[in-house]
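Colleague: Chain by chain, the residues run as shown.
Number of protein chains: 2
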Amino acid sequence: MDSKILLAHGSGGRLSHNLIKDFIQLFRNQILEKMDDSAVFDLNGRVAFTTDSYVVNPIFFPGGDIGQLAVCGTINDLSMCGATPLYISLALIIEEGLPMSVLKQITSSIQTVVKDTGVKVVTGDTKVVNQGSADKLFINTAGIGLISEGIDISGTNAKPGDKIILSGAIGDHGIAVMAQREGLRFKILVKSDCAPLNTLVADMLKVSEKIHCLRDPTRGGLATTLNELTMQSKVGINIEEEKVPVHESVRAACEFLGFDPLYVANEGKLVAIVPARNAEKILKAMQQNLYGKESTIIGEVVAEHPGIVTMKTILGTSRIVDMLSGELLPRIC
Amino acid sequence: MDSKILLAHGSGGRLSHNLIKDFIQLFRNQILEKMDDSAVFDLNGRVAFTTDSYVVNPIFFPGGDIGQLAVCGTINDLSMCGATPLYISLALIIEEGLPMSVLKQITSSIQTVVKDTGVKVVTGDTKVVNQGSADKLFINTAGIGLISEGIDISGTNAKPGDKIILSGAIGDHGIAVMAQREGLRFKILVKSDCAPLNTLVADMLKVSEKIHCLRDPTRGGLATTLNELTMQSKVGINIEEEKVPVHESVRAACEFLGFDPLYVANEGKLVAIVPARNAEKILKAMQQNLYGKESTIIGEVVAEHPGIVTMKTILGTSRIVDMLSGELLPRIC
Numbered sequence: 001m002d003s004k005i006l007l008a009h010g011s012g013g014r015l016s017h018n019l020i021k022d023f024i025q026l027f028r029n030q031i032l033e034k035m036d037d038s039a040v041f042d043l044n045g046r047v048a049f050t051t052d053s054y055v056v057n058p059i060f061f062p063g064g065d066i067g068q069l070a071v072c073g074t075i076n077d078l079s080m081c082g083a084t085p086l087y088i089s090l091a092l093i094i095e096e097g098l099p100m101s102v103l104k105q106i107t108s109s110i111q112t113v114v115k116d117t118g119v120k121v122v123t124g125d126t127k128v129v130n131q132g133s134a135d136k137l138f139i140n141t142a143g144i145g146l147i148s149e150g151i152d153i154s155g156t157n158a159k160p161g162d163k164i165i166l167s168g169a170i171g172d173h174g175i176a177v178m179a180q181r182e183g184l185r186f187k188i189l190v191k192s193d194c195a196p197l198n199t200l201v202a203d204m205l206k207v208s209e210k211i212h213c214l215r216d217p218t219r220g221g222l223a224t225t226l227n228e229l230t231m232q233s234k235v236g237i238n239i240e241e242e243k244v245p246v247h248e249s250v251r252a253a254c255e256f257l258g259f260d261p262l263y264v265a266n267e268g269k270l271v272a273i274v275p276a277r278n279a280e281k282i283l284k285a286m287q288q289n290l291y292g293k294e295s296t297i298i299g300e301v302v303a304e305h306p307g308i309v310t311m312k313t314i315l316g317t318s319r320i321v322d323m324l325s326g327e328l329l330p331r332i333c
Numbered sequence: 001m002d003s004k005i006l007l008a009h010g011s012g013g014r015l016s017h018n019l020i021k022d023f024i025q026l027f028r029n030q031i032l033e034k035m036d037d038s039a040v041f042d043l044n045g046r047v048a049f050t051t052d053s054y055v056v057n058p059i060f061f062p063g064g065d066i067g068q069l070a071v072c073g074t075i076n077d078l079s080m081c082g083a084t085p086l087y088i089s090l091a092l093i094i095e096e097g098l099p100m101s102v103l104k105q106i107t108s109s110i111q112t113v114v115k116d117t118g119v120k121v122v123t124g125d126t127k128v129v130n131q132g133s134a135d136k137l138f139i140n141t142a143g144i145g146l147i148s149e150g151i152d153i154s155g156t157n158a159k160p161g162d163k164i165i166l167s168g169a170i171g172d173h174g175i176a177v178m179a180q181r182e183g184l185r186f187k188i189l190v191k192s193d194c195a196p197l198n199t200l201v202a203d204m205l206k207v208s209e210k211i212h213c214l215r216d217p218t219r220g221g222l223a224t225t226l227n228e229l230t231m232q233s234k235v236g237i238n239i240e241e242e243k244v245p246v247h248e249s250v251r252a253a254c255e256f257l258g259f260d261p262l263y264v265a266n267e268g269k270l271v272a273i274v275p276a277r278n279a280e281k282i283l284k285a286m287q288q289n290l291y292g293k294e295s296t297i298i299g300e301v302v303a304e305h306p307g308i309v310t311m312k313t314i315l316g317t318s319r320i321v322d323m324l325s326g327e328l329l330p331r332i333c
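Chains A and B, in that order, are what the protein sequence lines are.
The first sequence begins at 1 in the working numbering and counts up one residue at a time.
The second sequence begins at 1 in the working numbering and counts up one residue at a time.
By construction, these hints were calculated from the structure, which means they are not laboratory data.
Bear in mind the structure is a predicted one, so any value in this text is a computation, not a measurement.
The C-beta atom is built at its ideal place from N, Cα and C for all residues, glycine as well.
Incorrect hints may appear among the rest.
No farther apart than 27 angstroms at their CA atoms in a straight line, the calculated lysine-lysine pairs in the DSSO-like style are these [claimed, not checked]: (1) A/K4 / B/K284; (2) B/K243 / B/K312; (3) A/K104 / A/K191; (4) B/K243 / B/K293; (5) B/K120 / A/K120; (6) B/K284 / B/K159; (7) B/K34 / A/K206; (8) A/K159 / B/K243; (9) A/K34 / B/K136; (10) A/K234 / B/K34; (11) B/K136 / A/K136; (12) B/K4 / A/K136; (13) A/K136 / A/K159; (14) B/K115 / B/K34; (15) A/K210 / A/K159; (16) A/K312 / A/K159; (17) A/K34 / B/K210; (18) A/K21 / B/K159; (19) A/K284 / A/K206; (20) A/K21 / B/K234; (21) A/K293 / A/K206; (22) B/K206 / A/K34; (23) B/K34 / A/K210.
Counterexamples of contact, computed for chain A against chain B with all Cβ distances above 10 angstroms [to be verified]: (24) F23; (25) A179; (26) G183; (27) A202; (28) V244; (29) F256; (30) P275; (31) K281.
Estimated spans, in silico, between C-beta atoms of each pair [said to hold, decoys possible]: (32) B/I151 / A/G132: 41 to 49 angstroms; (33) B/A276 / A/M100: 40 to 48 angstroms; (34) B/G45 / A/I24: 19 to 27 angstroms; (35) B/K281 / A/M100: 42 to 50 angstroms; (36) A/Q131 / B/G258: 20 to 28 angstroms; (37) A/K115 / B/I188: 52 to 60 angstroms.
For reference, chain A alone in the conformation it holds in the complex (with noise of 0.2 angstroms):
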């Protein structure tokens, strides 16, 4: 029989205590396994530290799970700054009553993706709440990377003429999930794009250190992104509808359900922003790596119009593209 998560897994006392050695466990390294209130490790150098809640519903989804985009989501906004992922906190709030065998299979998406890209889990926190007073699960996980000198990459760098990169086809994750949720069926199966892009940054700065601006596209999608990139860096954007790649299933669920891809939430996506007489060799780099096979140029930054997006149209016009304004996909991550 499934048993169940109850509240006093979460009081600090024994069933707490049990669970935690489950965990410590599961992540394996010196760190965890002193059990101190606080992890201890020597650190030198310019460091990068980011947070992030989960509170995707549902916490399955094509392609992914609350505790895999949990990581690869923090992963990514340190390798944002061009740092190497470290370590992680995981912290859980989960809702009385959620079937252990649940817990146990998000875990286990953890620790696949901290083994494939050697962060380790180094200190964590479970909190238990009553029967609707939270749904099912919800995950902080905060994390700590190194940036190696040389390195200076920030949304406040990008310059005109620069060259705008992104990773990939848009809107991935965004459908992904929302079908699940609705119960949704397309012809194609969406499947989230969740993907830990360390390799990726990795394989960019091989080939340049002279990186601007790296962003993942996530909560708002590009659009979103490439408005708080003009707006950091007081400059203009120019993108071109026809090059942005968009799946071909994502573009239908979009007419379908009346969303703009750009703004449909990516979680294995990144744009970068780098001097033009780099781009054509960081645009091979990343072409040659799993998660940047669709990479393409889609656009420049201009002095004009600062704060400003602009797209040219597959019809020829041009357009503003504003940042979200409203709600479009609550619970996307």
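Could you slot chain B onto chain A? The hints should help.
Modeller: What follows is chain B alone, placed relative to chain A:
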């Protein structure tokens, strides 16, 4: 009219941005203001890294609120490794419909702790879930601190002969939250002891670096913390009931409710295990700190009965103090 949190505040679009701008204004510092995917700063040495989620119900209680609790809790977890707390992350999961005034009150009490302790909020995240999918507000904080050379504090370091110091009376936080939640009124209002313990630990380390273990007895209370330490260090612990301070109001409330104060949560207390020869000077330093006035030696570490805590009762008998085994008070932190 009091506006409310909408799902769109968590969508990554314009409302999210406005909310984040308010936070940046509140917690102003150069690292946070960069608004990149990760905070970036230099760090050299032994690092402590910790995380905790807070789901306390109700979110306001006598002596504190969920915001103060979240920041103090992470400051304390870092302090318990002898680290100076430097940077924290702040991740909010908000239930749709939360009044904006409530959020402002919580973030303003976070701001107060941050100012008083000198830690910096350098990165954050905001998610909003539909009404009924969370209970008002959950907060995750992760923290980073630096440990000076020569300090080696761990739950594994207790040695037979060491003295056990408790920094004050136990049970205040648990009873304060419980009474507020259940609408109980006692003769004397019990206030949570929620407090940042970084200066207390700093004052202790000034008089002696030779502190073996530090731990704050939160969930599961003093009894659970002492049991953890016996297991980690493979030693026994003997304490004396009459030496353990319990405020009269808490004792009365516990009697009424059928609780043992040894198992009730604290949020501003610590247990220190120190070599006998340094115990008196460390105790004096503690008693001179605002948060250690009632500090007292409650017992000692022994080689006998490893993994077991015994207590000499007021009646003169001796009994085993076990770890909390069931659920005492859900959602206490």
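Colleague: Which numbered hints does this structure break?
Modeller: Hints 1, 8, 9 and 13 are the ones this structure does not satisfy, whereas the remaining hints hold.
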